[in-house]
Amino acid sequence: MVSTLARPTATRTYLTNATVVLPDRTLHDGAVLVEEGLITAICPDAIHGHAQEVDLESDILMPGIIDLHGDAIEREMEPRERARLPLPHAVLQGDRKCALAGITTMFHALAFVGEKTGKRSYTRMTEVARLIRARAETSVVDNRIHCRFEMTSPAGMPYIKDLIDEGLCEMMSLNNHSPGQGQYRDLSIYRQYMKGNYNIPDAEIDRIIAERIKDAEGAEGYAEEMADYTLRAGIPLASHDDDDGDKVRLRHSQGSSISEFPLTLDAAQTATTLGMHAIVGSPNVMRGGSTGTGASALDLVAQGVANCLCSDYAPSTMLPATFQIAHALDWPLHRAALLTTTNPAAAARLQDRGAITVGMQADLIAVREYDGVPAVRCLWSRGRHGLRFY
Amino acid sequence: MRSYLTHATLVLPDQTLRDGALLLEEGRIAAICPETIQGHAQEISLEGDVLMPGLIDLHSDAIEREMEPRNNVRLPNLHAVLQGDRKWALAGITTMLHALTFAGEDRGRRSNSVMEELARLIHAHADDCLIENLIHCRFEMIAPDGLPYIKKLIDEHICRMVSLNNHSPGQGYFRDIERYRRYLKNTFHASEEELDRLIAEQTVPDEVAERNGQELVDYAQQADVPIASHDDEDRAKIERRHAQGIRLTEFPISLEAARTAHELGVHTIVGAPNLIRGGSHAGGVSALDLIAEGLASCICSDYAPSTLLPATLLVVEKLDMPLHDAVRLTTANPAQAARLYDRGEIRVGQRADLISIRKYSDMPMVHHLWSRGRLSLRFC
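Residue numbers (the working numbering), protein chains in the order written: chain Z, -6 to 383; chain P, 38 to 417.
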């Protein structure tokens, strides 16, 4: 006698015995009905007709994670310095690793830095963006493009404008990594960075700093142009590494609705007061700090001046950081989960996802803790069972 | 728990069989294409997908990237172990030998004590993991203070493989001193004077390094732990290692070294990234050339686990090799080289470590993974 393990193609799925993370509470022994890719009922009294039941054995069922800024695809392209792998491989692996991390909507943050910057070159990034879109059909999660415009690299603008025109770019950020700005506001940090990463003599660094500062002269004009183009296309605009309240006000006046990695409490407070979304990095939450000289990510969350997390460069940290916030701040899980689901959905203006409510897209993850470390056990993307660990 | 896997393209040791079936019982392969099934078994139809042994990776340091996703940004070790485990499963690996480098004290993530702690953690969390994670200790012959750490791990049966590495300037990978200088400069951002000092410090006379190496060889042999040598540059080095009883060479640097290994019946491992990239990123010999000439018997993932499966299929395509022959490079041969005799082939009685794979726009991906007969991962 042979029984068959049901193929995961049923259009109705009934997830039972779950600890369900709702927008305002966490429900024990709950159930969710998924039909045609949408959430159609929460704890229904009765199910009519056939539905494939999945017993979640008390695992936590929460909305799939929405990551607004992650550049981990670069690591798939070059797992080791100068060891470049084929792009189709990188794109496919990047998608699967997002699923593994519980991310159902991924904004790949592609940096358009210059033509001679290897993996971050304009042509390479354009190629990656197009390939990600072309492979959407065979992807598990919803992979989207976040173009990072370097305002000191105006030659990148035409490439980004093309992607906007083609409907490929769905989020934009204004970056300025020149010395004297943002994370390099303190020139000695820039010096350290150049010396540490490139081992350049001091005199040479002085020359580079002078050159970069000169390059940056027209930067604000380019930022303005890029911002206008982005807003006209109806794409959410973010500013990056804002160093203080004045910078945030300037960006807000240009139409930015998101502040990524605000560097100071002042910047984060100003962004929040102005009604912007403020994003901090989940690796920083996990590590209990910040990579730059910025304010601690956990402090900004605790003070209510950061409302979203992003993976930055480590997708696998989004889920543990969510749990860590709940633990460290003694918040219920559903409150911490807003930071990685509902709030980033609002920031990216994705109204169809980010919460377990009737009518939402069924992007869901089932999570179990192993010795206090949460890991994804199942993932559904648009109601489709994409991944399951047993 | 019995599973019956049907409609599979079965990769057997000597042939690939269409529409085959496997019966798994108590973690082992109980029958291949049985005529009837007595009693209850859960059927999974593989719809024609390729079903092959799980991959066996003898050398991967990818866990370091889980510990430090960005240089000097350290995440908790347990996070690295559990996240890593899922990634290795995703890559189709059912047995992973984590190549942990015991480089000395104060070597960041490669410090002796950091690596020892990691080894113990991997071992202690075996039950929380999907695949079998084992420890391969890389001994630096110029850093003898790693020896007591490795010996202790051997005593406790945590260390399942060792390798002899000599990263002294002028040896193996760094036989070109200028290249070593560049490496140090880029890694440690040292000034010219510091570089001179570092190079002098690390230039250990050959006889001293060899004496250290022999001490580990004796210890490992006594404990029946397989030994590999690393980055062997020529015939003389392979002959010397063979005389010491070593039967496995990782990343031979020259054609001559690989040829000597082949003549002496020594297993040769090449890196999957080298195959995918169409050459070494470090200026070594081409892995595909070695396989084409029958001079490499195993492929390992080196630093990129996700390349192991694509590399296996790339060999089929580029060399027009039958699938079941290419699959040996990442399953049966590494199993034999590491003396893991209970796995690596679809054969009755072997451990049911299996993967089913499917192609997406020409890229092979794991669809199901069974570890000891247990379905551990499924992509739908």
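The hints are simulated quantities; they were obtained by calculation from the structure and are not laboratory data. On a predicted model such as this, the values are computed, not experimentally measured, just so you know. Check before you lean on any hint, since a few could be wrong.
[Stated by the list, open to error] Cut-off 35 angstroms, straight-line C-alpha distance, at most; resulting in silico cross-link-like pairs (DSBU-like, lysine-lysine):
(1) Lys222(P) <-> Lys189(P)
(2) Lys189(P) <-> Lys207(Z)
(3) Lys222(P) <-> Lys188(Z)
(4) Lys154(Z) <-> Lys222(P)
(5) Lys355(P) <-> Lys396(P)
For this session: Starting from lysine 222(P), check that the Cα of lysine 189(P) is at most 35 angstroms away, please.
Result: Measuring from Cα to Cα gives roughly 34 angstroms; hence the hint holds.
Exercise. Are lysine 154(Z) and lysine 222(P) close enough, with their CA atoms no more than 35 angstroms apart?
Worked result: 39 angstroms, violated
For this session: Please work out if lysine 222(P) and lysine 188(Z) have their alpha carbons no farther apart than 35 angstroms.
Result: Cα-Cα ~11 angstroms, so holds.
Problem set entry | Holds or violated: lysine 355(P) to lysine 396(P), with C-alpha atoms at most 35 angstroms apart | 17 angstroms, holds
Exercise. Is the hinted pair lysine 189(P) and lysine 207(Z) satisfied, with a Cα-Cα distance of at most 35 angstroms?
Worked result: Violated, at about 59 angstroms.
Violated hints for the displayed structure, listed by number in ascending order: 2 and 4.
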